Amino acid sequence: VQIDYFNFSEDFAGKGGPLISPKIYKEFFAPRVKRVVEHFRKYGVRYFWVDSDGNFEVLIPYMIEAGINGIWPLEQAAGMDPIKLRKKYGKDIVLLGGIDKRELTKDKASIEKELYSKVPYLLEYGGYIPHLDHTFPPDIPYDNFLHYMELKKKLLRGG
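In the numbering used here, the protein residues as written are 139 to 297.
Keep in mind the hints are simulated off the structure, nothing from the lab.
Please read all numbers here as calculations on a predicted model, not as lab measurements.
Just so you know, not all the hints are guaranteed correct.
[Claimed, not checked] Distance windows between CB atoms, simulated:
(1) Asp277 / Lys172: 17 to 27 Å
(2) Thr273 / Gly296: 23 to 33 Å
(3) Phe274 / Gly182: 31 to 41 Å
(4) Gly155 / Gly296: 30 to 40 Å
(5) Arg173 / Tyr259: 11 to 21 Å
(6) Arg184 / Lys161: 21 to 31 Å
(7) Arg173 / Asp230: 39 to 49 Å
(8) Arg184 / Asp245: 34 to 44 Å
(9) Gly152 / Phe283: 23 to 33 Å
(10) Leu157 / Glu288: 14 to 24 Å
All residues carry an ideal CB built from backbone N, CA and C; glycine is no exception.
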């Protein structure tokens, strides 16, 4: 069986910042993450993701050093700005998410503004998978969901 990616699901942060210091991450987490990454690379796994809510931006350099090359969901309410992260880290890390789920509860113009303000730039640069900054909340109107999906398809096709 070919494994495409390995995901570390651990909420390292809340909206106000990380729950642990960069020093603690570097000392205790990074060596273990690196060991897991090195092990799975032997079997052809190329992508290693961290799934963390909150703002864990100060931990990203240590995650990259440990072998992490993808992060998500880029929670907007916590300030995880995908454009800022792309500019800061370049292609060292793949970004998934960063589309504010709260905008989908509003109107179609809000959805369009949210997607057009981020997705074209991030897709052009590469290393980005457009997705909400978490799962779809239950209060999204169905028509808004459909509009979001159609608009995302259009943007993915270069439109």
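Structure-based check of each hint:
Asp277 and Lys172 have their C-beta atoms about 40 Å apart, which leaves the hinted 17 to 27 Å range violated. Hint check: Thr273 to Gly296, Cβ distance near 27 Å, so the stated range 23 to 33 Å holds. Between Phe274 and Gly182, the C-beta spacing of about 32 Å keeps the proposed range 31 to 41 Å intact. For Gly155 and Gly296, the hinted distance range of 30 to 40 Å is satisfied, since their beta carbons lie about 37 Å from each other.
Taken as a hint, the range 11 to 21 Å is violated for the pair Arg173 and Tyr259, whose Cβ atoms sit roughly 36 Å apart. Between Arg184 and Lys161 the beta carbon distance is about 29 Å. The supplied range of 21 to 31 Å therefore holds. Look at Arg173 against Asp230: about 20 Å separates their beta carbons, and that is not inside 39 to 49 Å. Checked against the hint of 34 to 44 Å, the C-beta distance between Arg184 and Asp245 comes to roughly 40 Å, which is consistent with it.
Gly152 and Phe283 have their C-beta atoms about 27 Å apart, which keeps the hinted 23 to 33 Å range intact. Leu157 and Glu288 have their C-beta atoms about 38 Å apart, which leaves the hinted 14 to 24 Å range violated.
The earlier numbered hints that this structure contradicts are 1, 5, 7, 10.
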